[in-house]
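Trainee: Sequences listed follow chains A and B, in order.
So the first sequence is numbered by our numbering: it starts at 1 and just counts up by one.
So the second sequence is numbered by our numbering: it starts at 1 and just counts up by one.
These aren't lab readings, by the way, just hints derived from the structure by calculation.
There could be a bad hint or two in this list.
Said to hold, decoys possible - Listed below are the simulated BS3-like cross-link pairs for lysine-lysine, each with C-alpha atoms no more than 27 Å apart in a straight line:
1. A:Lys-108 with B:Lys-238
2. A:Lys-112 with B:Lys-180
3. B:Lys-238 with A:Lys-173
4. B:Lys-180 with A:Lys-173
To be verified - If you anchor each label on the Cβ, the simulated ranges turn out as follows:
5. B:Gln-141 with A:Ala-396: 53 to 63 Å
6. A:Glu-138 with B:Asp-218: 33 to 43 Å
7. A:Arg-72 with B:Thr-159: 38 to 48 Å
8. B:Thr-159 with A:Asp-46: 37 to 47 Å
Unchecked claim - One side only, chain A facing chain B, incomplete, derived with CB under 10 Å:
9. Phe-24
10. Leu-29
11. Met-30
12. Thr-164
13. Val-165
14. Ser-172
15. Asn-189
16. Thr-273
17. Gly-274
18. Leu-295
19. Glu-297
20. Glu-299
21. Ile-304
22. Gln-343
Computed from a predicted model, the values in this text were never measured in an experiment.
Even glycine gets a Cβ: it sits at the ideal position worked out from N, Cα and C.
Chain by chain, the residues:
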Amino acid sequence: MNKPIDYNAMPDASGHFGNFGGRFVSETLMHALDELQSIYDDVKNDPSFRAEFDKDLAHYVGRPSPLYFAERLTKKIGGAKIYLKREDLNHTGAHKVNNTIGQALLAKYTGKTRVIAETGAGQHGVASATVAARLGMECVVYMGAEDVKRQSLNVYRMKLLGATVVPVESGSKTLKDAMNEAMRDWVTNVDNTFYIIGTVAGPHPYPQLVRDFQCVIGREARQQCLAQEGTLPNALVACVGGGSNAIGLFHPFLSDDGVDIYGVEAGGLGVETGKHAAPLNDGVPGVLHGNRTYLMEDENGQIIETHSISAGLDYPGVGPEHAWLKDLGRVKYVAINDDEAMQAFRNLTLVEGIMPALETSHAMAYAEKLAQQRPKDEIILVNLSGRGDKDILTVAKIDGIEV
Amino acid sequence: MSRITEVLQQCRASGRKALVTYIVNGDPRPEVTLAAMHALVAAGADIIELGVPFSDPMAEGPVIQKGHERALVHHTSLAGCISLVGEFRQTNRETPVVLMGYANPLERMGYGAFGTAASAAGVDGLLTVDLPPEEASKLKQELAQLNLDTIYLIAPTTTEQRIASIVSLASGFVYYVSLKGVTGAGHLDADSVQQKVTEIRRHTALPLLVGFGIKDADSAKAIGACADGVVVGSVLVKAMGEATDQSCEDICQRLTEITASIRSGLDSLS
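The whole structure should be built from the sequences, with the hints applied where relevant.
Mentor: What follows is the structure, given as structure tokens:
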């Protein structure tokens, strides 16, 4: 028999997850990344850093977030029990804040006075603006001009929090272009600026440290499931854009062989149409934004425009650890279309009184499909990664209603 | 000896400061690039740096980003850049051509396939902005066998220890990025460039070229004074952007004027 994989041993010393990950950036940023890695290596096992992080998660974020049995939804679907890890109840309304709290603490250790962030749906931008406000730091958020339009509520929230929101007009005007622009800012202002990357992508050590900060989700969920049901879940489901909420839930369960794990990508108009944001389903390995991972690109290696109803999943790449887990076969990556996600949004809102983010609705849609196929005594644990308030204008538009 | 080494040694021997000019292949239209390369050489460029367009050029300022976007409208590819160099070589066997781009088109083509095609076409070197030495060892191996130079960047933030390890891997020349920022940025400081250049020279005898932020005869002269030469890009790409509706001859004329002026700035040093 093969030796079991030590999931905690990844990434390796050079920041790779097998063939994926790494540090593909211009030379100007290499020193800043070395510095970040050295600070992170110092603090990650430092009890006082952990204590400060845990204290903020408890008293500022409001953790632990509940593990909620969605009993009416379960009855309606008529299969396995559906449990929701309620990250939507965190301060600022999504899992993103777990990571920004952690990175803000790191920023403090580095002595930088200015933070920047990229954002798609705006949740990470809001979470970054929030921690910046709390620390009295200048905050600049880059956001694709297209996303600025479709997530105007979050744009205003960021402004209220004192952040400067810069609409990015280049390329496809979405998350990937916001990330390009944030990188350009960082390369220019590297002396005083800390870049808070919002997902488990980017150059090493970001995929590692963002994962470590988000793993609180999976650690809590594991304990809660054992306490409430006396057993581990049979399956985990989470949506995957860059993949931070997913890796946060999945990672503490990777060595539990009995737990099936599903990552749900944005199928857009359908994977077969090419108009989607599902690189793990329909992409190839390549290099973008500092890491090697699966990408959506054309035959010349140009990154192609993605499509998803949800701005937070509208990204042509994915975190390198997901790419590695896909190739290992440990996690199965599936896709859910815009229409299916919308249906799941309506279902959960009407049946449980919980309005999920459109990103999260992709995970819900797949969980419903999975629950139908699984026996009633099984448990499916879904990461309810964010709340849907930010999306009501998008939904209203689909319904033809002017709010 | 590689063509790059040969040309830079000649420059050194004759006291000439090397001028490297950057344009993006396919910008603003594919048929302009070959003529533009010849025009740059005629106006005094010693090395041509040919930008390989990429959808996400993270290290570029707005001017060169737009150049990439204009080129991509015409679906300019890495394979197309290589065959263009082949065409250039039909009439020019002396001027080195360095391809400058990003890792992903290279990954897509495959390092081996790239090396073989590039070498056959007469490409002399490769600079991949987002491929620092730590991630470039496989590519370097492929290219070294084919006598293609791998050009690495050194930045103001590069520590002395990294400088030592980068120059030990470099061949052809060392490219010093003169400022913290993207291409075409406006805050060049000749004194700090001079300091860093002195530091780099302690570790290598390779020719040292400086780029980012050099836009005219004066800045070329200021930077050229402490280096083996300069790299000029944004000012040429900006001219392309202003001339999208002009004839190929008019565009080449404009590039010639800019290049000749920078050339005269550099020549005033010798």
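Trainee: Which numbered hints turn out to be false for this structure?
Mentor: 1, 7, 8, 12, 13, 16, 17 and 22
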